[in-house]
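Using UniProt numbering, read the sequence shown as starting at 1 and increasing by one per residue.
Hints in this document: simulated from the structure, not taken from any laboratory. On a predicted model such as this, the values are computed, not experimentally measured, just so you know. Even glycine gets a Cβ: it sits at the ideal position worked out from N, Cα and C. Honestly, I wouldn't trust all of these hints.
Cβ pair distances, simulated, as ranges [to be verified]: (1) Tyr19 x Arg141: 42 to 52 Å; (2) Arg88 x Asn157: 35 to 45 Å; (3) Leu135 x Glu112: 39 to 49 Å; (4) Lys13 x Gln140: 50 to 60 Å; (5) Ser181 x Lys13: 20 to 30 Å; (6) Lys54 x Ile166: 14 to 24 Å; (7) Asp195 x Arg17: 38 to 48 Å; (8) Asp142 x Gly76: 16 to 26 Å; (9) Lys156 x Ser22: 39 to 49 Å; (10) Arg141 x Pro16: 24 to 34 Å; (11) Arg17 x Arg141: 18 to 28 Å; (12) Lys183 x Arg17: 23 to 33 Å; (13) Asn60 x Lys183: 34 to 44 Å.
Derived lysine-lysine pairs resembling BS3-like cross-links, with alpha carbons at most 25 Å apart [stated by the list, open to error]: (14) Lys50 x Lys20; (15) Lys13 x Lys94; (16) Lys144 x Lys156; (17) Lys119 x Lys169; (18) Lys50 x Lys176.
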Amino acid sequence: MKKATNIFPIFEKTVPRTYKESVLNQRAKAIWFTGLSGSGKSTIAIELEKELFKLGYFANILDGDNIRSGINQNLGFSENDRLENIIRISEISKLFVESGIITINCFVSPTEDVRDLAKNIIGDDFIEVFIDTPLHICEQRDIKGLYKRARNGDVKNFPGINSPFISPKNPDIVIKTEDRSVKELAEEILEHIIDKIIEKRC
1 MKKATNIFPI
11 FEKTVPRTYK
21 ESVLNQRAKA
31 IWFTGLSGSG
41 KSTIAIELEK
51 ELFKLGYFAN
61 ILDGDNIRSG
71 INQNLGFSEN
81 DRLENIIRIS
91 EISKLFVESG
101 IITINCFVSP
111 TEDVRDLAKN
121 IIGDDFIEVF
131 IDTPLHICEQ
141 RDIKGLYKRA
151 RNGDVKNFPG
161 INSPFISPKN
171 PDIVIKTEDR
181 SVKELAEEIL
191 EHIIDKIIEK
201 RC
């Protein structure tokens, strides 16, 4: 696709990110949850957002289903559409981070290439969290009925069934979810990220 030549970004003229972070008393990061469908990404993200707000931090969740019901509703689940989905959401996440907001992203993002794409767009503020829930547990939950439909051949390109899910090689955080409460999982993530989001004053 040919890029437009008649655009004039004003990023350098807006209020600096550092000032926005100082007002919010935090350092913004993009916390990127990756894991199988049904692994608990959205549920844990909701709890983490609540914990952050309790501590006085301003956070926002970007969830796959929410995004696909709005800005990305024109995208399907082909390989090209999945990539476009990640490109768009990564750019949105970056805008939130540049606004000083801690942004929790919940996307299956099933391969290293897809996750690297997101990381390259967002940059050094990217924190990769692998929600490590075994496939059989995700299938037991199957709240949306997607695994059953995928096994029946009704859903194509479904990670873990008829499309690969490649676990991250070197995620910043690995969260094992078996036999643990959502609150425990959110608190573990918070322990890992708290030093990264505390606003340090000179």
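**OP:** Mind checking the hinted window 24 to 34 Å against the Cβ distance between Arg141 and Pro16?
**Re:** violated (43 Å)
Subject >> Outcome of range test on Cβ distance (Asn60, Lys183; 34 to 44 Å) >> reply: violated (20 Å)
Subject >> Pairwise hint evaluation, Lys176 against Lys50, where the allowed Cα distance is 25 Å at most >> reply: Judged against 25 Å, a Cα distance of about 20 Å means the pair holds.
Original post:
If you check the beta carbons of Ser181 and Lys13, does the distance land in 20 to 30 Å?
Top reply: violated (47 Å)
Original post:
How does the Cβ-Cβ distance of Arg17 and Arg141 compare with 18 to 28 Å: does it lie in that range?
Top reply: violated (38 Å)
Subject >> CB-CB spacing for Arg17 and Asp195 relative to the 38 to 48 Å hint >> reply: violated (19 Å)
Original post:
Between Lys13 and Lys94, is the straight-line Cα distance small enough, at 25 Å or below?
Top reply: holds (17 Å)
Original post:
How does the Cβ-Cβ distance of Lys13 and Gln140 compare with 50 to 60 Å: does it lie in that range?
Top reply: holds (53 Å)
Original post:
When you check the alpha-carbon spacing of Lys144 and Lys156, does it fall within 25 Å?
Top reply: The given pair, whose Cα atoms are some 15 Å apart, holds under the 25 Å limit.
**OP:** Could you tell me whether the CB distance from Lys54 to Ile166 stays inside 14 to 24 Å?
**Re:** violated (35 Å)
Subject >> Range agreement (Cβ of Arg141 with Cβ of Tyr19, hint 42 to 52 Å) >> reply: holds (43 Å)
Original post:
If you check the beta carbons of Lys156 and Ser22, does the distance land in 39 to 49 Å?
Top reply: For Ser22 against Lys156, whose Cβ atoms are near 48 Å apart, the range 39 to 49 Å holds.
Figure legend: structure checked against the earlier numbered hints; hints not met, in rising order: 2, 3, 5, 6, 7, 10, 11, 13.
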